[in-house]
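Going line by line, the protein sequences match chains A and B.
Quick note on my numbering: the first sequence kicks off at 1 and runs consecutively.
Quick note on my numbering: the second sequence kicks off at 1 and runs consecutively.
Some hints here could point you the wrong way.
[As the list claims (entries may be wrong)] With a cut-off of at most 20 Å between alpha-carbon atoms, the simulated SDA-like pairs for lysine to any residue come out as follows: (1) B:Lys159 - A:Ile7; (2) A:Lys18 - B:Val355; (3) B:Lys166 - A:Pro4; (4) B:Lys350 - B:Gly414.
Hints were generated in silico from the structure; no laboratory data involved.
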Amino acid sequence: MPEPCIIKKIKEESPKVKTFTLSFKDSSAQKNFSFLPGQFVELSVFGVGEAPISISSPPSQKNSFDLSVMKAGKVTDELFELKEGATVGVRGPYGNSWPLEELNEKNVYLIAGGIGVAPIHSLLLHLLENPSLCKKITLYYGSKSPKEIIYRELMNKLQKNSSINTLLAVDCKDEDYKCHVGLVTDLLKPETINPENAVALICGPSVMIHFVSLKLKELGFSEERIYASLERLMYCGTGKCGHCMIGEKHVCLDGPVFPLNKINLFQEEE
Amino acid sequence: MIVFNGPFGVFEEKEFSLGTKSILKSIASSNAFSFLGGGDTETALLSFKIPKNRFSYVSLSGKASLKFLSGKTLSAIEELKNHKKQFFGLFELKKEKLLPFLKELNKKTELIVPSLDHRKIKRFKPFPEANLYMEKPTTFSTKKYFLPSGEALFEFNEKNSSYSVKPLPRAGNRIFFGIRSCDLHAISIIDSVFLKEPIDSFYWEKRENSILIGLSCEEAGENCFCTSLGTHLPQEFDLFFWRNGKNYLAEVGSEKGLKLINKKFFSSTEKHSPLTVPKTPRKINSKNFEEILEKNFSHKEFEKNADICLSCGSCTMVCPTCYCYRIKDDFALLSNDAVRMREWDSCQLKRFTRVSGDHIFRKSRTSRLRHFILHKLLYHKKNFPQHLCVGCGRCIDVCPVSIDIVKIVNNISGEKNEE
């Protein structure tokens, strides 16, 4: 059963994306709520239904947690109507997480597309707070246009910060911004990527994951070094409703993060 | 007793084989209890052409045998011991006493029995209104009593833009009579999904409050193929009624079942439960169909059948093991109350895999039909102890275009169908 949560803060990130800062009504539930970057919750908007949403804040944020949501369906349409102080329901956290142990002593390439940047954001902040977890971080982030780039302050800061190479791509420019016009795959070049001692983590639309993984393999990444966080329809989060199956795997239980050698992503998509 | 745990030297070389050979031969001809262990021992027996049945027991594992003999426990054997079927007893019930027995049960508890309605549809209904029907397998299983097609999970109401969630009253106790072996298996298959951590409390309550009384089949249905999946012998019941000529032999499967044995109706018996089941008309020919399906993901048989498939989802609705569901909220028009509903869903419907932005992961009928068949006979068993199919043949019975899972699997295996 979903636990009631109060919307503490709503931040407009882009015309279609808002970040909701939530905190459990019951303070002990908030205390007990712990998660790893890459996990998700089932968000209830009472009167409409539930939707799986990735947590975008880092685990260190204890008194609340953030969900960056794109207005894209029944539940999220209704969520966007809600004001600060309103009540929603939350179950979770569910799913595995980004493979934190695999990042140890490795160079990490984070590749995000669209709202897929949300779970990457959680991981990125976690890695920034704990620099010993990995070596060098490179961030690739593709959006439709500069207006739709979310977490703008962070991106601005990162672009100035030399320790994290941040490369942004947009399909078309609607305002002046320091980014490449084109696909995020254009940015994956031997000059910026070295497959040696490296792990690539992807989250974005299905098509993007497909082309990015092809490109990465071309650049010399083996499948077990490429991890993708997948999107599927999920009603339960516990492996019972049957919607998120890919072959025998349940995205909600075995995923949402999979190394590409463990799952046949595109076999079923026709 | 003689324990033999490995050959003497390099028996594979003829020059060194004599010792091993003569010792094994003399054990074989002795009257002692002989216990042989180890993989090499078996190879030796084969190479010397000494038949295994000349020894009391031959184990393939040498190390495990020694461990066991030294008094240590073997985890697999411990597991078997834990799961051994407890024998609670066998009782006889005269045919004429069946109705009085059911009436007695119904005095205290709701009783659900197979019933024949005016449209010749056989489904489970509450006694005594039901038109008790016990000849052929039922059109529908008992699934809806444990997983209703539409189930209210909880209620919530709005007050000052805040919501309070409150649980709904739960189902009472129920006794089910007349569940066939295949459907008993179906219940235990759904148990393994819904009672796996995190336990689904809505399902658990209904299961916990129910008593299952099985009934052996007199006649198989048109499309039954339970023997291909091993679901023809019952498991996980409280009582199971074996038809035995003019009477029933009631096998007790649990403490709950034992409590139902009322001496007014039952008499003790020394007979064994008759393990006879009617011959099923249909059969999956290939024993290793899993392996074959694994290798034939892109077999044209899926596409051929998907060409005529209407994606109506009837197969998943009548299936006793299809458990997929969706969630939605129903709002009352005139108040601020709403209920969260869970409803049956079907992987055959296009929107089953639709995510925001209208992306559909299994767009083609081929991919959906294939998912149904592979989930039933391949995928599920990778995560759970059984297949997600009990061989009841209901999906074949109801398909408006006669798509036939047995035929599809047999065609993929390249074997002839029985018809």
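Checklist entry - Checking against the hints above, which ones are violated? => result 4
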